[in-house]
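**Student:** Respectively, the protein sequence lines represent chains F and V.
Per my numbering, residue 1 is the first one in the first sequence, and the count goes up by one each step.
Per my numbering, residue 1 is the first one in the second sequence, and the count goes up by one each step.
Source of the hints: derived by calculation from the structure; they are not laboratory data.
Since we're looking at a predicted model, the values are computed, not measured.
If a hint is listed, it holds; no wrong ones were tucked in.
Where chain F lies over chain V, by a calculated footprint (3+ residues, C-beta under 8 Å): (1) 152–164; (2) 195–203.
From the derived model, a few chain V residues whose C-beta atoms are all more than 10 Å from chain F: (3) Gly117; (4) Leu129; (5) Asp131; (6) Asp136; (7) Glu137; (8) Arg142.
From the three backbone atoms N, C-alpha and C, an ideal C-beta is built for every residue, glycine too.
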Amino acid sequence: MNELPNTTSRRNLLKLGGLGVAGAALLAACGSDDLPPGISGSATPTSGPTPTVPKRQATEAQVEAAQLQLHTLASIELLVADVYDEHAAKIEHAELKPVVTGFAQAHRGAADALRGLTDDGAEDQPNAELQRSMVEPRSTMLTNDRSRLSIFTDLESTLAATYIASVEVLLDGDTRQAIMTHGAACARRVTLLGGDGEGELPTHAVYPPTDLVSGKAILTPEGDGEGAAAGDEGATDSEAGAEAEAEGGNEG
Amino acid sequence: MPIDKPQTTAAMNTRRTFLARAAMGSALVATAGSFFTSLPAGAQGAPGAPTAPDDLGDAPFLIAAAQLETAAIAVYVAAGSTPGLTGPAQEALRTFEAQHQEVVTTLTALMDEATAGLTPLPDPTVLALRDGLGADEAAVLRSLAELEQRIAATHLWAIAGLRDGLTARSAAAVAAAGSQRATYLGRLAGEDLASLVPATVEPTGAVTGSIDAAEATIAGAGEDEESDEGGEGEAGDAGASTTTTTAAGDGTDGGTTDTDDSTPEAGN
Numbered sequence: 001m002n003e004l005p006n007t008t009s010r011r012n013l014l015k016l017g018g019l020g021v022a023g024a025a026l027l028a029a030c031g032s033d034d035l036p037p038g039i040s041g042s043a044t045p046t047s048g049p050t051p052t053v054p055k056r057q058a059t060e061a062q063v064e065a066a067q068l069q070l071h072t073l074a075s076i077e078l079l080v081a082d083v084y085d086e087h088a089a090k091i092e093h094a095e096l097k098p099v100v101t102g103f104a105q106a107h108r109g110a111a112d113a114l115r116g117l118t119d120d121g122a123e124d125q126p127n128a129e130l131q132r133s134m135v136e137p138r139s140t141m142l143t144n145d146r147s148r149l150s151i152f153t154d155l156e157s158t159l160a161a162t163y164i165a166s167v168e169v170l171l172d173g174d175t176r177q178a179i180m181t182h183g184a185a186c187a188r189r190v191t192l193l194g195g196d197g198e199g200e201l202p203t204h205a206v207y208p209p210t211d212l213v214s215g216k217a218i219l220t221p222e223g224d225g226e227g228a229a230a231g232d233e234g235a236t237d238s239e240a241g242a243e244a245e246a247e248g249g250n251e252g
Numbered sequence: 001m002p003i004d005k006p007q008t009t010a011a012m013n014t015r016r017t018f019l020a021r022a023a024m025g026s027a028l029v030a031t032a033g034s035f036f037t038s039l040p041a042g043a044q045g046a047p048g049a050p051t052a053p054d055d056l057g058d059a060p061f062l063i064a065a066a067q068l069e070t071a072a073i074a075v076y077v078a079a080g081s082t083p084g085l086t087g088p089a090q091e092a093l094r095t096f097e098a099q100h101q102e103v104v105t106t107l108t109a110l111m112d113e114a115t116a117g118l119t120p121l122p123d124p125t126v127l128a129l130r131d132g133l134g135a136d137e138a139a140v141l142r143s144l145a146e147l148e149q150r151i152a153a154t155h156l157w158a159i160a161g162l163r164d165g166l167t168a169r170s171a172a173a174v175a176a177a178g179s180q181r182a183t184y185l186g187r188l189a190g191e192d193l194a195s196l197v198p199a200t201v202e203p204t205g206a207v208t209g210s211i212d213a214a215e216a217t218i219a220g221a222g223e224d225e226e227s228d229e230g231g232e233g234e235a236g237d238a239g240a241s242t243t244t245t246t247a248a249g250d251g252t253d254g255g256t257t258d259t260d261d262s263t264p265e266a267g268n
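So that you can see chain F by itself, here it is in the shape it has in the complex (with noise of 0.2 Å):
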């Protein structure tokens, strides 16, 4: 301290601690904190969103990342206006009906505006994953309003909270927000539809990360992860669960 000249300020030295930081926040941007225990460093390179570092040196996988985390919003999209198409019209609750029946192509809607987000402007298709691990499972039990409703609030939940988790994600701002127009408004149709289509309490002041998708829901460049789109004739699951445990797949 001693040695600094004399024009040396305080603001001059918080500059310079700020430098510090930020450069130890880029070290540690370079790790990942999610590998499973026993595994130490990574396969690949994965570099996931370094708030710190400005948008423009965003790196190629990041800016990848990016791209199939709005193809994946896309096919989840896809696939909840799917489920509304298929029993939305069922819904007995006269007051609900209308509305819920407007909620498919709502879903649609959002989906189109997500690829017109992304860079290569790719179709996707309902998302594989969370069809076989949400929907299939239950599809012979919504037999009436409550179990409907009941996976109708669910996927709405699933979808609201991944439009949180990706705004971190995603590298330009108003994209971020672009998506959370679409994120908010699952959250409003998660509170209307709750509590057996009678409206529930929101609990949480902050909306929680509960219901984000597992990663093997998130589509990979090849589209031959366990979350690639319905219809895809790419690896088989257990090839694509290799891949994704290999990695270190994160937990929902």
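Take the given structure of chain F and dock chain V to it, following the hints.
**Tutor:** Chain V only, in chain F's frame:
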């Protein structure tokens, strides 16, 4: 190619988030003199759907958001005194008042040390809603739904300009929860169901004027720090000379106490 996992909670403290947040805090303190003047025109409190901000300082946003939440608490307290509230309405008001207090805590946790030392004044725009809540339960619930929608809209608006991913994600989570409260209150008030669930939730009605007050509050603290140049104080001592409020949750009058005459009032 795997995607790096976003599926961690905002509250989870990993090595990365800890260091990133620390770096953000240090950087904000270090550059406090420059970015307050760089806010775009869109941040100047336009009603309706304001222009998305290109670059919104995280610190002013967090302070402004805390100002909104603090005012919301006072509004809920006032609403709770409405005669004849039914049980569900009373429960909702109690629950949501507490949730706004939780949000203040969440926002404070995202602030750097110096900013977290600033206790925000209640936002006057939101606070003014206390005077027009309405005379019966339905009117009060509608007013509160509007309050929730405007706060959610503010977070949605800010997301476009926030630099830090974690802050943006938290704003998104707050916006989603606020949207839920708006929906629930609207339903309790008997609003048309379709109107409660639009296809998209736009940032219409965002209360952006609070950013100005937040800038002034932090700038005031920065000036104090500047004048203290050469001293031994830590960055965190900027919070020693700032505004305090007695409104947070006490349900009285939302009055404020300025502990330092040099600190600007939080006015819009």
